[in-house]
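Put together the whole structure using the sequences plus the hints.
Residue numbers (UniProt numbering): 1 to 127.
I should point out that these hints are in silico values taken from the structure, not numbers from a laboratory.
Source: prediction; values computed, not measured.
Possibly wrong hints are sitting among the right ones.
Unchecked claim - Restraint-style ranges between C-beta atoms, simulated for each label pair: (1) 75 <-> 100: 14 to 22 Å; (2) 115 <-> 91: 16 to 24 Å; (3) 103 <-> 57: 35 to 43 Å; (4) 95 <-> 32: 32 to 40 Å; (5) 109 <-> 23: 28 to 36 Å; (6) 35 <-> 56: 20 to 28 Å; (7) 60 <-> 120: 18 to 26 Å; (8) 71 <-> 96: 34 to 42 Å; (9) 103 <-> 59: 22 to 30 Å; (10) 41 <-> 91: 14 to 22 Å; (11) 95 <-> 64: 35 to 43 Å; (12) 101 <-> 60: 31 to 39 Å.
Unchecked claim - Computed cross-link-like contacts, SDA-like style, restricted to lysine to any residue with a CA-CA straight-line distance of at most 25 Å: (13) 64 <-> 91; (14) 64 <-> 24; (15) 51 <-> 61; (16) 25 <-> 65; (17) 51 <-> 74; (18) 64 <-> 33; (19) 51 <-> 76; (20) 51 <-> 70; (21) 51 <-> 104; (22) 25 <-> 108; (23) 51 <-> 108; (24) 25 <-> 83; (25) 51 <-> 86; (26) 51 <-> 38; (27) 25 <-> 114; (28) 64 <-> 93; (29) 51 <-> 89; (30) 51 <-> 33; (31) 25 <-> 91; (32) 51 <-> 64; (33) 64 <-> 99; (34) 51 <-> 109; (35) 25 <-> 109; (36) 51 <-> 93; (37) 51 <-> 120; (38) 25 <-> 37; (39) 64 <-> 108; (40) 51 <-> 28.
For every residue, glycine included, the Cβ atom is placed at its ideal position computed from N, Cα and C.
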Amino acid sequence: MAKEKSHQTDLLLTATTMETPEGSKYVTLVSADGFEFVVLREAALISPIVKGMLDPRSQFTEAKDARCVFQEMSGVVLDKVVEYFHYWYRYRHSEDVPDMDIPVELCLELLAAADYLGLDQANMSMK
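In structure tokens:
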């Protein structure tokens with residue numbers, strides 16, 4: 001478990017050390033209740049919604065600032081979404097993928113968030 005936590009820490013970076021937002025290796029995801037998560041861009045781009053928001057051709061503010069605000073997603077839910085992004089990124093080329101723990105009380109909200117973010121089997125695979 002300590003290795004899992006240290007790997008997640010390796011993927012995170014404080015916003016104050018980021019260079020320019022556009023083209024940055026990291027993006028910031030913000031929950032409705034103001035929690036901010038700095039995430040490896042490549043991991044976050046598994047979501048077609050995040051990918052569209054961050055597309056430089058879109059001219060969205062999110063693309064310029066490398067910052068996506070989710071007004072309908074709580075910090076607890078976004079935390080689990082970010083954990084999944086890192087989980088997917090870490091195991092994307094693995095054959096033997098361990099189960100990810102999901103608290104039962106968050107299942108419905110996580111299902112809604114996954115649907116909104118386009119995180120279904122049709123859009124991604126672990127390989």
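Each hint tested on the structure:
Judged by the Cβ atoms, the range 14 to 22 Å given for residue 75 and residue 100 holds: they are separated by roughly 19 Å. Taken as a hint, the range 16 to 24 Å holds for the pair residue 115 and residue 91, whose Cβ atoms sit roughly 22 Å apart. Between residue 103 and residue 57 the Cβ separation comes to about 38 Å, which falls inside the hinted range of 35 to 43 Å. For residue 95 and residue 32, the Cβ-Cβ distance of about 37 Å falls inside the hinted range of 32 to 40 Å, so the restraint holds.
Look at residue 109 against residue 23: about 32 Å separates their beta carbons, and that is inside 28 to 36 Å. Between residue 35 and residue 56 the beta carbons are some 26 Å apart, a value that agrees with the proposed interval 20 to 28 Å. Between residue 60 and residue 120 the Cβ separation comes to about 23 Å, which falls inside the hinted range of 18 to 26 Å. Between residue 71 and residue 96, the C-beta spacing of about 38 Å keeps the proposed range 34 to 42 Å intact.
Evaluation of the 22 to 30 Å hint for residue 103 and residue 59 yields a failure: the beta carbon distance comes to about 38 Å. At about 18 Å, the CB distance of residue 41 to residue 91 agrees with the hint of 14 to 22 Å. At roughly 39 Å, the beta carbons of residue 95 and residue 64 sit within the given window of 35 to 43 Å. Under the hint 31 to 39 Å, the C-beta atoms of residue 101 and residue 60, about 33 Å apart, fit the expected range.
About 29 Å separates the Cα atoms of residue 64 and residue 91, which puts this hinted pair outside 25 Å; it is violated. Of the pairs offered as hints, the one joining residue 64 and residue 24 holds, with about 10 Å between alpha carbons and a cut-off of 25 Å not exceeded. For the hint linking residue 51 to residue 61, the alpha-carbon distance of about 13 Å falls within 25 Å, and the restraint holds. Straight-line distance between C-alpha atoms of residue 25 and residue 65 comes to about 12 Å, which keeps the hinted pair within the 25 Å bound.
With a C-alpha separation of about 20 Å, the suggested pair residue 51 and residue 74 falls inside the 25 Å cut-off, and the hint holds. Restraint check for residue 64 and residue 33: the C-alpha separation of about 22 Å stays at or below 25 Å, so the hint holds. Only pairs whose Cα atoms come within 25 Å are accepted, and residue 51 paired with residue 76 is accepted, the gap being roughly 22 Å. A C-alpha spacing of about 14 Å is found between residue 51 and residue 70, which places the hinted pair at or below 25 Å, so the restraint holds.
In summary, the hint linking residue 51 to residue 104 is not supported, as the alpha carbons are separated by about 28 Å, beyond the 25 Å threshold. Taken as a hint, the residue 25 and residue 108 pair is broken in the structure, with Cα atoms around 31 Å apart against an allowance of 25 Å. Of the pairs offered as hints, the one joining residue 51 and residue 108 holds, with about 24 Å between alpha carbons and a cut-off of 25 Å not exceeded. With a CA separation close to 17 Å, the supplied pair residue 25 and residue 83 stays within the 25 Å bound.
Taking the CA atoms of residue 51 and residue 86, the gap is about 16 Å. The hint holds against a cut of 25 Å. A distance of roughly 15 Å separates the Cα atoms of residue 51 and residue 38; the hinted pair therefore holds under the 25 Å criterion. Our distance criterion of 25 Å between C-alpha atoms is met by residue 25 and residue 114, whose separation comes to about 23 Å. The suggested pairing of residue 64 with residue 93 is violated, with an alpha-carbon distance near 30 Å, which exceeds 25 Å.
Between residue 51 and residue 89 the CA atoms are separated by roughly 15 Å; this keeps the pair inside 25 Å, and the hint holds. With a C-alpha separation of about 22 Å, the suggested pair residue 51 and residue 33 falls inside the 25 Å cut-off, and the hint holds. Between the alpha carbons of residue 25 and residue 91 the distance comes to roughly 19 Å, so the proposed pair stays at or under 25 Å and holds. Using a Cα cut-off of 25 Å, the hinted pair residue 51 and residue 64 holds, with the two alpha carbons roughly 13 Å apart.
Taking the CA atoms of residue 64 and residue 99, the gap is near 35 Å; set against the 25 Å cutoff, the hint is violated. Between the alpha carbons of residue 51 and residue 109 the distance comes to roughly 21 Å, so the proposed pair stays at or under 25 Å and holds. For a cut-off of 25 Å, the pair hint linking residue 25 to residue 109 is broken: about 28 Å separates their Cα positions. For the hint pairing residue 51 with residue 93, the CA-to-CA distance comes to about 20 Å; that is within 25 Å, so the pair holds.
Of the pairs offered as hints, the one joining residue 51 and residue 120 holds, with about 15 Å between alpha carbons and a cut-off of 25 Å not exceeded. Proximity of residue 25 to residue 37 is assessed by CA-CA distance (about 14 Å); at most 25 Å being required, the pair is judged to hold. Our distance criterion of 25 Å between C-alpha atoms is broken by residue 64 and residue 108, whose separation comes to about 32 Å. Note on residue 51 and residue 28: the hinted pairing holds, with a Cα-Cα distance of about 13 Å set against a maximum of 25 Å.
Violated hints for the displayed structure, listed by number in ascending order: 9, 13, 21, 22, 28, 33, 35 and 39.
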